[in-house]
Every structure is written in structure tokens, then in C-alpha cells.
Amino acid sequence: DAMVIQNPRYQVTQFGKPVTLSCSQTLNHNVMYWYQQKSSQAPKLLFHYYDKDFNNEADTPDNFQSRRPNTSFCFLDIRSPGLGDAAMYLCATSTRSEQETQYFGPGTRLLVL
Amino acid sequence: KQEVTQIPAALSVPEGENLVLNCSFTDSAIYNLQWFRQDPGKGLTSLLLIQSSQREQTSGRLNASLDKSSGRSTLYIAASQPGDSATYLCAVTPTDKLIFGTGTRLQVFP
Chain A
1 DAMVIQNPRY QVTQFGKPVT LSCSQTLNHN VMYWYQQKSS QAPKLLFHYY DKDFNNEADT
61 PDNFQSRRPN TSFCFLDIRS PGLGDAAMYL CATSTRSEQE TQYFGPGTRL LVL
Chain B
114 KQEVTQIPAA LSVPEGENLV LNCSFTDSAI YNLQWFRQDP GKGLTSLLLI QSSQREQTSG
174 RLNASLDKSS GRSTLYIAAS QPGDSATYLC AVTPTDKLIF GTGTRLQVFP
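Chains as they are written, first to last, in my numbering: chain A, 1 to 113; chain B, 114 to 223.
Calculated from the structure, these hints are not laboratory results. Glycine is no exception: its CB is placed at the ideal position from the N, C-alpha and C atoms. Honestly, I wouldn't trust all of these hints.
[To be verified] Straight-line distance between alpha carbons at most 20 Å, and here's what the computed SDA-like set of lysine to any residue pairs gives:
#	chain 1	residue 1	chain 2	residue 2
1	B	Lys181	B	Ser166
2	B	Lys155	A	Gln37
3	A	Lys38	A	Val19
4	B	Lys210	A	Asp51
5	B	Lys155	A	Tyr10
6	A	Lys52	B	Lys210
7	B	Lys210	A	Glu57
8	B	Lys210	A	Ser97
9	B	Lys155	A	Gln36
10	B	Lys155	A	Leu46
11	B	Lys210	B	Ala142
12	A	Lys38	B	Gly154
13	B	Lys114	A	Phe47
14	B	Lys155	B	Ser198
15	A	Lys17	A	Leu111
16	A	Lys44	B	Thr118
17	A	Lys38	A	Gly82
18	B	Lys210	A	Phe75
19	B	Lys114	B	Pro207
20	B	Lys155	A	Ala42
21	B	Lys210	A	Thr101
22	B	Lys210	A	Arg96
23	B	Lys114	A	Asn55
24	A	Lys38	B	Thr200
25	A	Lys38	B	Ala123
26	B	Lys210	A	Ala42
27	B	Lys210	A	Arg68
28	A	Lys38	A	Ser22
29	A	Lys38	B	Ala199
[As the list claims (entries may be wrong)] Some chain A residues near chain B, calculated using beta-carbon distances under 10 Å:
#	residue
30	Val31
31	Ala42
32	Asn55
33	Ala92
34	Ser94
35	Arg96
36	Thr101
37	Gln102
38	Tyr103
Looking at chain B on its own, in the form it has when it is part of the complex (with noise of 0.2 Å):
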């Protein structure tokens, strides 16, 4: 049974720092990994998606890194800014279905 987990759980940083997020899954027989914004209260938004033959994907200021082998992922966040707090979600993609981890609560303070 696939399982993701994401570490830490949450995380605080002052403005401008680079950081990263971690997600980890048990089976690496995956399409692809998601990784997800989701705010307070709200919706998800797709960040980036990386397909299971490809090693990593850019957006901006986000870099995500994908190791199958290992079954680990990297959210790489860089010079963060407060509007970047939200929570964090990876996903992978077995099937036609998501599994999700419990997510990363980032919050960044001026």
C-alpha cells in the first residue's frame, strides 16, 4: 500500500530564506508527483508536477526534485516571502488516483 509522508510538519522562517520540503512514498511504481498549495480554508492549486521519467521541474521560484529510486521528493522554495505561507501537499500518482501526505505548514514572517 503506498504511503507518502511529508517532514516536517511545519516550519516557520523569516523572509528571504531558501528552504526546503521534504516528501517521501513507499512504492516507486508512480506516473508522476504533484506537488500542491493549499491556503487556509481553501482549495488546492497544482505547483508542479513532475512525470515518473523526468528528475526535477521549475516554476519561478519553486524547484521541485523527483528520485524514484529512493522514493523521495524536494520542494526547493527559494528567498521565500510571506505570501509563500500555505500548507504543502505532495501526491503521487499510482494509478488514475492521488495519494496524498499530510503536508508541510510553512509560514514565513517579515
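Bound conformation, chain A alone (with noise of 0.2 Å):
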């Protein structure tokens, strides 16, 4: 089946210590995105792709870097990261269009330690 992975499901990183989270999906889609969700929350978009076009939020921290080195695969990398990451990253893909909806993974629950 079609889908879209997410690896880790869980990720226990050091304060500081950079950890990334990996995204992939077999639908082919164009875009792809990542969100941060924390507890009770709902989830925040932090970047997305159109294909190689990467889109930043303006209120995602410097911290938070992404790749995507096909239209497979995304990375989510965080620098250094605090005890205020820690949360559930979730990723998505769509097709170009606005009108269709947003596949999601199960997520990656991080945990700083």
C-alpha cells in the first residue's frame, strides 16, 4: 500500500546533541511537509517542499533545517536541540493542489533529555 514512513517512532536525544528524523513516501507526491506537535496541541507547520522548493515559516526557528534529496525522501535535522523540542514531528505529502488532502505519517515522538 501506498503510504507515508516515518523513522524513528521514537527518538531520545541529549540537550544539544543534533538528532534527525526521516520521512519517506511511496505516492509520489510533490510536496511534502513537516509539523512540530506538542502536547494538546495542534500540530504547527514548520517547512515544506514543492518538489525541491523549500518554503520556510517565518516563525520557525534557525534551529530546524530540512532536506530533500528526491521526491522520496525528507529529513527533518535539528541542530542543537532544547528540552522545549520535544514533541511529536509529523510528516505529510500532498500533490500540487491545494484542493486534495494531506497523507500524514505516524510521527516521531522526540524526547530531550
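The task is to assemble the complex, starting from two chains supplied on their own in separate frames and drawing on the hints.
See below:
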């Protein structure tokens, strides 16, 4: 089945130690999104790619970076995780059309010690 | 700036009840509105998508309505079951991005 896959499902890192989260998709969608969701809060868009075009949200901290080496894969890099970065990180994909739904992966739960 | 509000924040009902979840948004210029389900510690599952030109969508026991002019949507769940227990999020698409509400946490007890 076509799907959005995130690895790992759970990630524990130390304060200040760089971490990379991975997302892959078999849907061949043009657009890939990264969201941060803290406990009992709505998902917050960090950035997204239209094909190779990177679109950063204005309030996304510089500590968060992303790479999309090809259509199928997208990575979220947190350069120096702080305690406030502990959250669920959700990857989603969609076609280029604004009228189509986004398909979400299962998420990666990040814990910062 | 688009804001999405969901009421109530939490709801606990006995099995078998019909229930309504509410979503309101401040800017009617949207492409569509979606309802998602999120189980604890999991990702989001799309339930229903209503295009801006539509008034409602149905899937099984779920029915979602959209009134763009008043900035409101409702999700109706018929004959609720314990397996419906989850957080339900609505989201609008003003551009190519989703703007989410904070969700309604639903518990259906036997």
C-alpha cells in the first residue's frame, strides 16, 4: 500500500546533540511537509517542499533545517535540540493541488534529556 | 490571520449516542476543510474533506457539514462506539497549508 513512513518512531536525544528524523513516501507526491505537535496542541507547520523548492515558515527557529534529496525522502534536522523541542514530529505529503488532502505519517516522538 | 477553534475541547459520552463536534474559522476564503482523527501518540488520519463549493460529505457513520459564510463546520458521529475514542481535529486550507484547530478529545465509554 502507498504510504508515508517515518523513522524512527521514537527518538531520545541529549540536550544540544544533533538529531535527524526521516520521512519517506511511496505516493509520488510533489509536496512534503514537516509539522511539530506539542502535547494537547494543534500541529504547527515548520516548513514544506514543493518538489525541490523549500518554503520555511516565518516563525520556524533556525535550529530546524530540512533536506529533500529526492521525491521520496525528506529529512528534518534539529541542530541543537533544547528541552522545548520535545514533541511529536509529523510528516505529510500531498499533490500540488490545494484542493487535495494531506497524507500523514505516524509521527516521530522526540524526547530531549 | 486565519484562526480555527474547536468546541468542546473534550467530550465524554456513553456508547450509542449521536454527537456533534464543532469547528469555527475566522476567514471564509478557504479551498477546503478537513476533519482528521488522531489516536494517542499516533499520526493523523483524514476522515472527510469538504471542498469550498460543497455543503457536506458523508462516510459511514460520519457526516461533516460546511457553512463558509458563517465560518462553521460540524462533524456528526452517529451511534458512537468505544472505538471512536480519539482526538478529532479540523483544519482549513486557505492556501496550500493546513491551519489546524486544537481538537476535541472524545471518549466513548461502554
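Tested hints:
Of the pairs offered as hints, the one joining lysine 181 (chain B) and serine 166 (chain B) holds, with about 9 Å between alpha carbons and a cut-off of 20 Å not exceeded. Restraint check for lysine 155 (chain B) and glutamine 37 (chain A): satisfied, since their Cα atoms lie roughly 11 Å apart, inside the 20 Å limit. For a cut-off of 20 Å, the pair hint linking lysine 38 (chain A) to valine 19 (chain A) stands: about 18 Å separates their Cα positions. Restraint check: the Cα-Cα separation between lysine 210 (chain B) and aspartate 51 (chain A) comes to about 15 Å, which is no more than 20 Å; the hinted pair holds.
At most 20 Å may separate the alpha-carbon atoms for a hinted pair to count; lysine 155 (chain B) and tyrosine 10 (chain A) meet this at roughly 11 Å. Among the hinted pairs, lysine 52 (chain A) with lysine 210 (chain B) is consistent with the structure: their alpha-carbon atoms are about 17 Å apart, no more than 20 Å. Restraint check: the Cα-Cα separation between lysine 210 (chain B) and glutamate 57 (chain A) comes to about 10 Å, which is no more than 20 Å; the hinted pair holds. Between lysine 210 (chain B) and serine 97 (chain A) the CA atoms are separated by roughly 11 Å; this keeps the pair inside 20 Å, and the hint holds.
For a cut-off of 20 Å, the pair hint linking lysine 155 (chain B) to glutamine 36 (chain A) stands: about 13 Å separates their Cα positions. Between lysine 155 (chain B) and leucine 46 (chain A) the alpha-carbon distance is near 19 Å, which keeps this suggested pair within the 20 Å criterion. This hinted pair checks out: lysine 210 (chain B) and alanine 142 (chain B) have alpha carbons roughly 13 Å apart, not beyond 20 Å. For the suggested pair lysine 38 (chain A) and glycine 154 (chain B), the alpha carbons sit about 11 Å apart, so the restraint of at most 20 Å is met.
At most 20 Å may separate the alpha-carbon atoms for a hinted pair to count; lysine 114 (chain B) and phenylalanine 47 (chain A) meet this at roughly 18 Å. Between lysine 155 (chain B) and serine 198 (chain B) the CA atoms are separated by roughly 13 Å; this keeps the pair inside 20 Å, and the hint holds. Between lysine 17 (chain A) and leucine 111 (chain A) the alpha-carbon distance is near 12 Å, which keeps this suggested pair within the 20 Å criterion. Our distance criterion of 20 Å between C-alpha atoms is met by lysine 44 (chain A) and threonine 118 (chain B), whose separation comes to about 15 Å.
Distance hint between lysine 38 (chain A) and glycine 82 (chain A) is fulfilled; the C-alpha atoms sit about 14 Å from each other, no more than 20 Å. Taking the CA atoms of lysine 210 (chain B) and phenylalanine 75 (chain A), the gap is near 19 Å; set against the 20 Å cutoff, the hint holds. Under the criterion of a C-alpha separation no larger than 20 Å, the hint pairing lysine 114 (chain B) with proline 207 (chain B) is consistent with the structure, at around 10 Å. With a C-alpha separation of about 13 Å, the suggested pairing of lysine 155 (chain B) with alanine 42 (chain A) holds against the 20 Å cut-off.
For the hint pairing lysine 210 (chain B) with threonine 101 (chain A), the CA-to-CA distance comes to about 10 Å; that is within 20 Å, so the pair holds. For the proposed pair lysine 210 (chain B) and arginine 96 (chain A), the alpha carbon gap of about 11 Å is at most 20 Å, so the pair holds. This hinted pair checks out: lysine 114 (chain B) and asparagine 55 (chain A) have alpha carbons roughly 19 Å apart, not beyond 20 Å. Pair hint lysine 38 (chain A) plus threonine 200 (chain B) holds up; C-alpha atoms about 14 Å apart against a cutoff of 20 Å.
This hinted pair checks out: lysine 38 (chain A) and alanine 123 (chain B) have alpha carbons roughly 17 Å apart, not beyond 20 Å. Note on lysine 210 (chain B) and alanine 42 (chain A): the hinted pairing holds, with a Cα-Cα distance of about 14 Å set against a maximum of 20 Å. Between lysine 210 (chain B) and arginine 68 (chain A) the CA atoms are separated by roughly 18 Å; this keeps the pair inside 20 Å, and the hint holds. Taken as a hint, the lysine 38 (chain A) and serine 22 (chain A) pair is honoured in the structure, with Cα atoms around 19 Å apart against an allowance of 20 Å.
For the hint linking lysine 38 (chain A) to alanine 199 (chain B), the alpha-carbon distance of about 16 Å falls within 20 Å, and the restraint holds. Annotation: valine 31 (chain A) was flagged as interfacial toward chain B, and the flag holds, the nearest CB pair being 7 Å apart, inside 10 Å. With a least beta-carbon distance of about 4 Å to chain B, the hint placing alanine 42 (chain A) at the interface is held under the 10 Å criterion. Hint status for asparagine 55 (chain A): holds, given a least beta-carbon distance of 9 Å to chain B, under 10 Å.
For alanine 92 (chain A), the interface hint holds, since its Cβ comes within 10 Å of a Cβ in chain B; the closest pair sits about 8 Å apart. Below 10 Å, beta-carbon pairs count as interface contacts, and serine 94 (chain A) has one with chain B at about 8 Å; its hint therefore holds. With its C-beta approaching chain B no nearer than about 8 Å, arginine 96 (chain A) sits inside the 10 Å limit, and its interface hint holds. Taking 10 Å as the C-beta cut-off, the interface hint given for threonine 101 (chain A) holds, the closest approach to chain B being about 5 Å.
Of the supplied interface hints, the one on glutamine 102 (chain A) holds, with its beta-carbon coming within about 6 Å of a beta-carbon of chain B, less than 10 Å. With a least beta-carbon distance of about 7 Å to chain B, the hint placing tyrosine 103 (chain A) at the interface is held under the 10 Å criterion.
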